[in-house]
Amino acid sequence: MSAEAPNLHILFFPGLFPGHMLPMTQMAKAFAARGVRVTILTTPANSPAIQPAIAGTHIGLRTIPFPSAASGLPEGCENLYSLPPSLHFQFITAIPLLRGPFDEALREIRPDCIVSDSFMPWTFASARELGIPRIAFCGTCFFSTCVFDHMVQQWPLQSLPPGTQSFFLPEIPHRIEMLVSQIPEFHLAGTPSSELFRLMSDVDGESYGMLTNSFYELETEYVEHYRKVIGRRSWHVGPLSLLRESPAATSPSGGRDPCLKWLDRKPPCSVVYICFGSISSFTKAQLQEIALGLEAAGHLFLWVVNLVGTDGSGELLPEGFEERVKDRGLVIRRWAPQIEILSHRSVGGFLTHCGWNSSVEAICAGIPVATWPLFAEQFYNERLLVEVLKIAVSVGLKKCTPNSEERTLVDASTVEVAVRKLMEEGEEAAGRRRRVGELREKAQRAVEEGGSSYEDLGRVIGELVEMKQAMGIEGKTMKAVNGEEKEAERIEENRKYEG
Numbered sequence: 001m002s003a004e005a006p007n008l009h010i011l012f013f014p015g016l017f018p019g020h021m022l023p024m025t026q027m028a029k030a031f032a033a034r035g036v037r038v039t040i041l042t043t044p045a046n047s048p049a050i051q052p053a054i055a056g057t058h059i060g061l062r063t064i065p066f067p068s069a070a071s072g073l074p075e076g077c078e079n080l081y082s083l084p085p086s087l088h089f090q091f092i093t094a095i096p097l098l099r100g101p102f103d104e105a106l107r108e109i110r111p112d113c114i115v116s117d118s119f120m121p122w123t124f125a126s127a128r129e130l131g132i133p134r135i136a137f138c139g140t141c142f143f144s145t146c147v148f149d150h151m152v153q154q155w156p157l158q159s160l161p162p163g164t165q166s167f168f169l170p171e172i173p174h175r176i177e178m179l180v181s182q183i184p185e186f187h188l189a190g191t192p193s194s195e196l197f198r199l200m201s202d203v204d205g206e207s208y209g210m211l212t213n214s215f216y217e218l219e220t221e222y223v224e225h226y227r228k229v230i231g232r233r234s235w236h237v238g239p240l241s242l243l244r245e246s247p248a249a250t251s252p253s254g255g256r257d258p259c260l261k262w263l264d265r266k267p268p269c270s271v272v273y274i275c276f277g278s279i280s281s282f283t284k285a286q287l288q289e290i291a292l293g294l295e296a297a298g299h300l301f302l303w304v305v306n307l308v309g310t311d312g313s314g315e316l317l318p319e320g321f322e323e324r325v326k327d328r329g330l331v332i333r334r335w336a337p338q339i340e341i342l343s344h345r346s347v348g349g350f351l352t353h354c355g356w357n358s359s360v361e362a363i364c365a366g367i368p369v370a371t372w373p374l375f376a377e378q379f380y381n382e383r384l385l386v387e388v389l390k391i392a393v394s395v396g397l398k399k400c401t402p403n404s405e406e407r408t409l410v411d412a413s414t415v416e417v418a419v420r421k422l423m424e425e426g427e428e429a430a431g432r433r434r435r436v437g438e439l440r441e442k443a444q445r446a447v448e449e450g451g452s453s454y455e456d457l458g459r460v461i462g463e464l465v466e467m468k469q470a471m472g473i474e475g476k477t478m479k480a481v482n483g484e485e486k487e488a489e490r491i492e493e494n495r496k497y498e499g
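Just so you know, full-length UniProt numbering puts 483 at position 483 of the sequence shown, and the rest follows in order with no gaps.
Simulated from the structure, these hints should not be mistaken for laboratory data.
No experiment lies behind these values; they were computed from the predicted model shown.
Cβ coordinates follow ideal geometry from the N, Cα and C atoms, glycine included.
Any given hint could be a false lead.
To be verified - Here are the simulated DMTMM-like pairs of lysine to aspartate or glutamate, each with C-alpha atoms no more than 20 Å apart in a straight line:
id, residue 1, residue 2
1, K266, D112
2, K284, D411
3, K421, E295
4, K284, E322
5, K399, E171
6, K442, D112
7, K390, E340
8, K399, D411
9, K468, D112
10, K284, E405
11, K421, E387
12, K442, E425
13, K228, E217
14, K398, D411
15, K228, E171
16, K228, D202
17, K266, E295
18, K266, E323
19, K326, E295
20, K398, E416
21, K326, E315
22, K468, E449
23, K261, E217
24, K284, E406
25, K284, E416
26, K266, D327
27, K390, E438
To be verified - Label pairs and their in silico Cβ distance ranges:
id, residue 1, residue 2, range
28, P268, Q469, 50 to 58 Å
29, E425, G72, 51 to 59 Å
30, T63, D264, 17 to 25 Å
31, L130, E428, 51 to 59 Å
32, E177, T93, 17 to 25 Å
33, R256, T57, 38 to 46 Å
34, G72, G472, 44 to 52 Å
35, R434, G298, 20 to 28 Å
36, Q444, G298, 30 to 38 Å
37, E463, T414, 43 to 51 Å
38, Q158, Q469, 44 to 52 Å
39, G426, K398, 23 to 31 Å
Just need the whole structure built from these sequences, with the hints factored in.
This is the structure in structure tokens:
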């Protein structure tokens with residue numbers, strides 16, 4: 001056990017979402033590398049996704065049963081990736097049913113601290129009952145977290161006149177205008193999800209603090225805003241993707257992934273990479289417009305086509321499309337090694353849904369992006385990338401919804417314009433590349449010894465060690481006091497008999 005964290009034991013309980021589970025597992029490994037004893041808690045169906053990431057470490061892995069029958073969800077569907085978008089909210093509302101098994105595991109493990117996803121606010125009460133500090137893990141950036149807090153504490157849309165199309169985000173350091181239609185449902189007062197997000201915000205504020213997959217130099221104003229204006233303890237310990245061991249980037253069948261070999265044959269910075277995350281869905285019509293837009297743009301491309309929301313049968317792309325673009329385009333209908341793709345010398349741009357993991361991975365690779373947000377906090381992340389950091393161009397999406405049928409169709413010409421703007425050689429494009437290149441260097445320095453995230457990780461470990469030691473001293477003091485009282489009672493009792 002390292003002297004940095006003598007006998008400190010932390011239980012990590014990742015959210016059951018692909019975009020939260022893997023970063024939190026990487027965070028657990030970062031704590032373990034600094035001498036912390038770490039146990040990860042998850043459900044049986046999610047365990048196989050975590051096991052390879054912690055192979056060769058001393059990290060413990062425990063499982064608790066998922067309440068499939070009680071929640072009405074299909075057996076074995078224990079994360080969002082395994083469910084269609086229509087069941088996502090039902091899944092989120094089922095997560096509190098884990099409390100019974102979680103409480104039982106917590107009493108058995110008895111860690112010094114728990115780190116749990118913000119989507120599990122009930123874990124705070126479980127920890128408090130046992131006198132254990134709880135730290136929240138936030139799956140997004142400080143910018144969006146600050147927006148979250150102000151939105152659920154003030155509900156600014158309630159005060160807007162009927163018919164208002166846009167408004168300015170309240171209280172934050174930058175003056176940023178958004179369309180009302182771009183605001184997620186959970187920030188609309190009175191919706192089923194709004195109460196959950198209000199509870200998440202309140203409980204995160206009561207918890208010991210919050211850990212975030214970001215770094216100080218990326219969003220300094222928002223780190224300070226969260227700490228000083230909102231007034232909450234927090235630590236930035238990212239980018240977590242930079243803490244991984246050098247990956248092999250092998251395909252499911254073994255060997256180096258074919259898409260990387262394809263990239264090897266392309267000129268530097270010539271390929272635009274397109275991927276919309278693991279749980280996003282599109283209509284067939286929208287996929288066809290994207291395809292035609294990529295074809296018209298004329299740039300080399302690598303496109304990961306997600307089959308979520310489809311039955312996987314039938315051709316989703318225009319007839320003859322792949323044959324026409326075979327010399328300059330590669331379409332993948334499976335998992336792809338995104339970090340390795342973004343880091344490849346041939347990739348020069350990224351068309352993304354603005355999920356936070358994808359956003360920060362692009363920054364770590366020094367790749368400018370075109371933004372195509374879909375739902376959740378992705379429209380907030382877009383504003384950070386486009387208006388605050390100025391490393392992105394917007395495709396122009398206007399409606400926030402996980403339902404692909406409710407979105408306005410983005411036509412091929414709009415896709416074409418966005419890709420050309422992203423990959424062009426003009427002054428604006430050069431500025432985006434320069435800025436994201438500078439952020440890439442700052443990201444790397446942040447996780448190195450002496451860097452801002454390295455030091456913040458050390459600070460939170462140090463605070464928890466001090467707390468554990470103080471509680472130990474307090475416990476010994478209470479035992480001593482209790483012992484003295486019992487001894488006094490024994491002497492008094494003896495005197496009675498002596499008298």
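Taking the hints in turn, this is what the structure says about them:
1. K266 <-> D112: Cα-Cα ~51 Å, so violated.
2. K284 <-> D411: Within the cut-off at roughly 13 Å; holds.
3. K421 <-> E295: holds (15 Å)
4. K284 <-> E322: Holds, because 16 Å separates the two Cα atoms, which is no more than 20 Å.
5. K399 <-> E171: violated (23 Å)
6. K442 <-> D112: Violated - the C-alpha atoms of D112 and K442 are around 33 Å apart, more than 20 Å.
7. K390 <-> E340: violated (24 Å)
8. K399 <-> D411: Since the Cα atoms of K399 and D411 sit roughly 15 Å apart, the hinted pair holds (cutoff 20 Å).
9. K468 <-> D112: OK: K468 and D112 at ~7 Å, within 20 Å.
10. K284 <-> E405: Within the cut-off at roughly 10 Å; holds.
11. K421 <-> E387: Status holds; Cα separation ~16 Å.
12. K442 <-> E425: violated (24 Å)
13. K228 <-> E217: holds (17 Å)
14. K398 <-> D411: Within the cut-off at roughly 14 Å; holds.
15. K228 <-> E171: Measuring from Cα to Cα gives roughly 13 Å; hence the hint holds.
16. K228 <-> D202: holds (17 Å)
17. K266 <-> E295: holds (17 Å)
18. K266 <-> E323: holds (18 Å)
19. K326 <-> E295: holds (11 Å)
20. K398 <-> E416: holds (18 Å)
21. K326 <-> E315: Measuring from Cα to Cα gives roughly 16 Å; hence the hint holds.
22. K468 <-> E449: violated (25 Å)
23. K261 <-> E217: Since the Cα atoms of K261 and E217 sit roughly 34 Å apart, the hinted pair is violated (cutoff 20 Å).
24. K284 <-> E406: holds (13 Å)
25. K284 <-> E416: holds (18 Å)
26. K266 <-> D327: Between K266 and D327 the Cα gap is close to 11 Å, so the pair holds against 20 Å.
27. K390 <-> E438: holds (12 Å)
28. P268 <-> Q469: 50 to 58 Å: Cβ of P268 to Cβ of Q469: about 53 Å, so the range 50 to 58 Å holds.
29. E425 <-> G72: 51 to 59 Å: holds (54 Å)
30. T63 <-> D264: 17 to 25 Å: The hint (17 to 25 Å, Cβ to Cβ) is violated, given that T63 and D264 are roughly 40 Å apart.
31. L130 <-> E428: 51 to 59 Å: Check passed, 55 Å falls within 51 to 59 Å.
32. E177 <-> T93: 17 to 25 Å: Violated - the Cβ-Cβ distance for E177 and T93, about 32 Å, lies outside 17 to 25 Å.
33. R256 <-> T57: 38 to 46 Å: violated (25 Å)
34. G72 <-> G472: 44 to 52 Å: 45 Å Cβ-Cβ, so the 44 to 52 Å window holds.
35. R434 <-> G298: 20 to 28 Å: About 24 Å separates the Cβ atoms of R434 and G298, which means 20 to 28 Å holds.
36. Q444 <-> G298: 30 to 38 Å: With a Cβ separation near 33 Å, Q444 and G298 satisfy 30 to 38 Å, so the hint holds.
37. E463 <-> T414: 43 to 51 Å: holds (49 Å)
38. Q158 <-> Q469: 44 to 52 Å: holds (47 Å)
39. G426 <-> K398: 23 to 31 Å: holds (26 Å)
Violated hints, in rising order: 1, 5, 6, 7, 12, 22, 23, 30, 32, 33; the structure is consistent with all others.
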